[in-house]
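Peer 1: Next come the chains, spelled out residue by residue.
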Amino acid sequence: METRTSNILFCGVGGQGVLKAAEICGLAALRAGQQVRKAEVHGMSQRGGSVESHLRFGAEVFAPLIPAGQADFVVSFDRTEGEKFRDMLKPGGMHFNKYLPLLRKHGIDPRFENTFFLGVLSRFLPLAREVWLAALAQGFTRAQAENRRIFLLGAETELGDGT
Amino acid sequence: MSTTPRREKKLLSGDEAVARGAWEAGLKVAAAYPGTPSTEILETIAKYPDVDAQWSVNEKVAYEVAYGAAIGGVRSLTACKHVGLNVAMDPLMTSAYTGINAGLVVVVADDPGLHSSQNEQDTRWVALYGKLPLLEPADPAEALAFTKFAFELSEQFDTPVLLRLTTRVAHSKQDVATGERVLGPHKAFRVDAAKYVMVPRNAGPRHAVVEARLAKLRELAEQSPLNRVELRDRKLGFVTSGVSYLYIREMFPEASVLKLGFSYPFCDDKIRAFARDVEALVVVEELDPFVETHLRALGLKLRAKQPSFQIGELRPEHITAIVRGEEKQAKPFPARKPVLCPGCSHRSVFTVLRDLKLAVAGDIGCYTLGAAPPLASVHTCLCMGAGVTVHEGFRRAHAHAGRVVGVVGDSTFVHSGVTGLINAVYNGVKGVLLILDNGTTAMTGAQHHPATGKTIREEPTTKLVLEDLCLACGADNVDVVDAKDIGAFRRTLEQRLAEDALTVIIARSPCWQLVRTRHAMPEFKRKQCQQCYECLEIDCPALSKTEDGMIQIDPARCTGCNLCVDRCAYEALIPQREEPDADGCPGTCG
Numbered sequence: 001m002e003t004r005t006s007n008i009l010f011c012g013v014g015g016q017g018v019l020k021a022a023e024i025c026g027l028a029a030l031r032a033g034q035q036v037r038k039a040e041v042h043g044m045s046q047r048g049g050s051v052e053s054h055l056r057f058g059a060e061v062f063a064p065l066i067p068a069g070q071a072d073f074v075v076s077f078d079r080t081e082g083e084k085f086r087d088m089l090k091p092g093g094m095h096f097n098k099y100l101p102l103l104r105k106h107g108i109d110p111r112f113e114n115t116f117f118l119g120v121l122s123r124f125l126p127l128a129r130e131v132w133l134a135a136l137a138q139g140f141t142r143a144q145a146e147n148r149r150i151f152l153l154g155a156e157t158e159l160g161d162g163t
Numbered sequence: 001m002s003t004t005p006r007r008e009k010k011l012l013s014g015d016e017a018v019a020r021g022a023w024e025a026g027l028k029v030a031a032a033y034p035g036t037p038s039t040e041i042l043e044t045i046a047k048y049p050d051v052d053a054q055w056s057v058n059e060k061v062a063y064e065v066a067y068g069a070a071i072g073g074v075r076s077l078t079a080c081k082h083v084g085l086n087v088a089m090d091p092l093m094t095s096a097y098t099g100i101n102a103g104l105v106v107v108v109a110d111d112p113g114l115h116s117s118q119n120e121q122d123t124r125w126v127a128l129y130g131k132l133p134l135l136e137p138a139d140p141a142e143a144l145a146f147t148k149f150a151f152e153l154s155e156q157f158d159t160p161v162l163l164r165l166t167t168r169v170a171h172s173k174q175d176v177a178t179g180e181r182v183l184g185p186h187k188a189f190r191v192d193a194a195k196y197v198m199v200p201r202n203a204g205p206r207h208a209v210v211e212a213r214l215a216k217l218r219e220l221a222e223q224s225p226l227n228r229v230e231l232r233d234r235k236l237g238f239v240t241s242g243v244s245y246l247y248i249r250e251m252f253p254e255a256s257v258l259k260l261g262f263s264y265p266f267c268d269d270k271i272r273a274f275a276r277d278v279e280a281l282v283v284v285e286e287l288d289p290f291v292e293t294h295l296r297a298l299g300l301k302l303r304a305k306q307p308s309f310q311i312g313e314l315r316p317e318h319i320t321a322i323v324r325g326e327e328k329q330a331k332p333f334p335a336r337k338p339v340l341c342p343g344c345s346h347r348s349v350f351t352v353l354r355d356l357k358l359a360v361a362g363d364i365g366c367y368t369l370g371a372a373p374p375l376a377s378v379h380t381c382l383c384m385g386a387g388v389t390v391h392e393g394f395r396r397a398h399a400h401a402g403r404v405v406g407v408v409g410d411s412t413f414v415h416s417g418v419t420g421l422i423n424a425v426y427n428g429v430k431g432v433l434l435i436l437d438n439g440t441t442a443m444t445g446a447q448h449h450p451a452t453g454k455t456i457r458e459e460p461t462t463k464l465v466l467e468d469l470c471l472a473c474g475a476d477n478v479d480v481v482d483a484k485d486i487g488a489f490r491r492t493l494e495q496r497l498a499e500d501a502l503t504v505i506i507a508r509s510p511c512w513q514l515v516r517t518r519h520a521m522p523e524f525k526r527k528q529c530q531q532c533y534e535c536l537e538i539d540c541p542a543l544s545k546t547e548d549g550m551i552q553i554d555p556a557r558c559t560g561c562n563l564c565v566d567r568c569a570y571e572a573l574i575p576q577r578e579e580p581d582a583d584g585c586p587g588t589c590g
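So the protein sequences, as listed, match chains Z and C.
Per this note's numbering, residue 1 is the first one in the first sequence, and the count goes up by one each step.
Per this note's numbering, residue 1 is the first one in the second sequence, and the count goes up by one each step.
These are computed hints drawn from the structure, not numbers from a lab.
Treat the hints with caution; some may be incorrect.
Stated by the list, open to error - Taking lysine to aspartate or glutamate and the EDC-like style, the derived pairs with C-alpha atoms no more than 20 Å apart in a straight line are:
#1 Z:Lys20 / C:Glu43
#2 Z:Lys98 / Z:Asp109
#3 C:Lys545 / Z:Asp78
#4 C:Lys10 / Z:Asp78
All chains, please: the whole structure from these sequences, using the hints.
Peer 2: This is the structure:
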């Protein structure tokens, strides 16, 4: 089993499916037998405010919040919100603002942006394709076929940055 | 048949874990009023068909229902946010005297960092003040285990037990092993006036019971595995409780820790022994110096956070600064402000209140968002129900030359606004109260209340008719208007403000999140636009200014409510006559 803790910060604004993305990533990690910690804030975020969710998994994880400067990934669905969390990223960590243009390039429906980015994220996490697909089916009870298609697009498309 | 419990792992939030733990402990009755971050506790409990669950009218009512069920013989629970417990303080304080019979667990969720609250109070003081045992889980797994233990503790010591969460416990998720439900016996209610009738003659002796119980609880706290000594490197020893424990383990994995899970009454001997075992003692806790104050009273030499850390929640990286004795650094990034949803009926009401330059006594709910510029038409927000009563105070002070109204939501009016209306009638105050009736408890995520006519389980029940209630209270006039009909609402309001009468105007229109109706988006005519930006003054998230100074409408968010059309004096926004879109999702939900 992977022993290093994976730290992923999902962020955006209310309505972008930020919390759902973190939830599905957490379900995938749970299915892979990892310890999972996830932090989020409900309430005001549903009214168009900032939304952030911290997801951490590994062999042993303590804090539900990622310590500053230790995020492996900032998965941002909004450029401005993403910029706020630059300091959360560890040296060499990956910021998804650079992948925001992919959403437009592939004409991703705003309702499926979270699924697409989960696909992209899945390339870099130590979780098998089948646990992702099972978590996706568990997390999305509607439009399952379309979510699967968009996830696989994110998981397999050319990212255009050499990765 | 095997008696080994099934250990299934689920990703549960702290709230869901409390619900699960209570269910496993044989919970029979649960009552609450919604309040972030505690709401999901009752929402989850309501999914267990073998628990009698309810949304109560307010937290005091919920507490009393749960208390009655407990002394009536079954394990019961009430849950609320920190400010909700204030509403229930009256029964809470005296229930400590009577004790309970079957277990009563009082779950309270504090909100350090004010993610969705009007203050940042630290409920741990209630344990000290109310002389009640206090349990503080650090994460969802502990929330489940501590809830089960809380019921045992409650029955063993015949006392309500406080289970205190914070936002980062309530709304964090973790892989949690669940167990099976175990039902205890029904503990018959036995008439015992000396125990349950708190008149002075009985309450005096019961006070002695409370003090003796507290002494016994202190002994148990010394032995309890919930107060756990973890000796590692002895140079640094932390005393902590709640989620702060996890931050310490994250940042100082080699340090020794005394983790207080059974945090009141304090385990003084265990604390003193731990202090002897480590070279430097550091107290880490969110909000108030609750543990720190006690340890200082014990005469222990210790290091604790600077007062600047009493404001806001702790984060893992703060632990290092606390150990070094440093001040808290200012939070680097401001959050984007929440706004009323596109299509929200509150927006049209606030637009009128602003145009009429009224001073507005506001209340707690989505409509509190009307306080933010550019709407800026809610001028007070104190507590649940205060929109009605602060309005009365304004009237008595002749504030704002009498150009004042009170604003309250439907759920909040039933919670504690109606008593203020009765007071206004009784004491002869005139003026206008607005009930913004969107048919739900919207801010906490759309929960039912008496005036929706549905229970927590969506079952039909007797519907409270707000206009009948207001008339019965003695209001001179009760008008019901469509909140989205700006013209009618404004005419009614101006007419009633001019009268020497007490009027309740019920501005009714369902919460957009419930109906999700969508009409055609208005068309923007560039050539007509005079760049007055009056349309932006309604603070609609679907409207924005483009780089060339023009107006842009976001088709994904616009609901076609045409409020912006109403604001435009130059016919630059033209309503379109089309039938509603069947889908109607603007994607504004969480």
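Peer 1: Quick one, are lysine 98 of chain Z and aspartate 109 of chain Z close enough, alpha carbons at most 20 Å?
Peer 2: 18 Å, holds
Peer 1: Holds or violated: are the alpha carbons of lysine 10 of chain C and aspartate 78 of chain Z at most 20 Å from each other?
Peer 2: 30 Å, violated
Peer 1: Would the pair lysine 545 of chain C and aspartate 78 of chain Z pass a check requiring their Cα atoms to be no farther apart than 20 Å?
Peer 2: 18 Å, holds
Peer 1: Take the C-alpha atoms of lysine 20 of chain Z and glutamate 43 of chain C, compute the straight-line distance between them, and say whether it is at most 20 Å.
Peer 2: OK: lysine 20 of chain Z and glutamate 43 of chain C at ~19 Å, within 20 Å.
Of the numbered hints stated above, the single one contradicted by the structure is hint 4.
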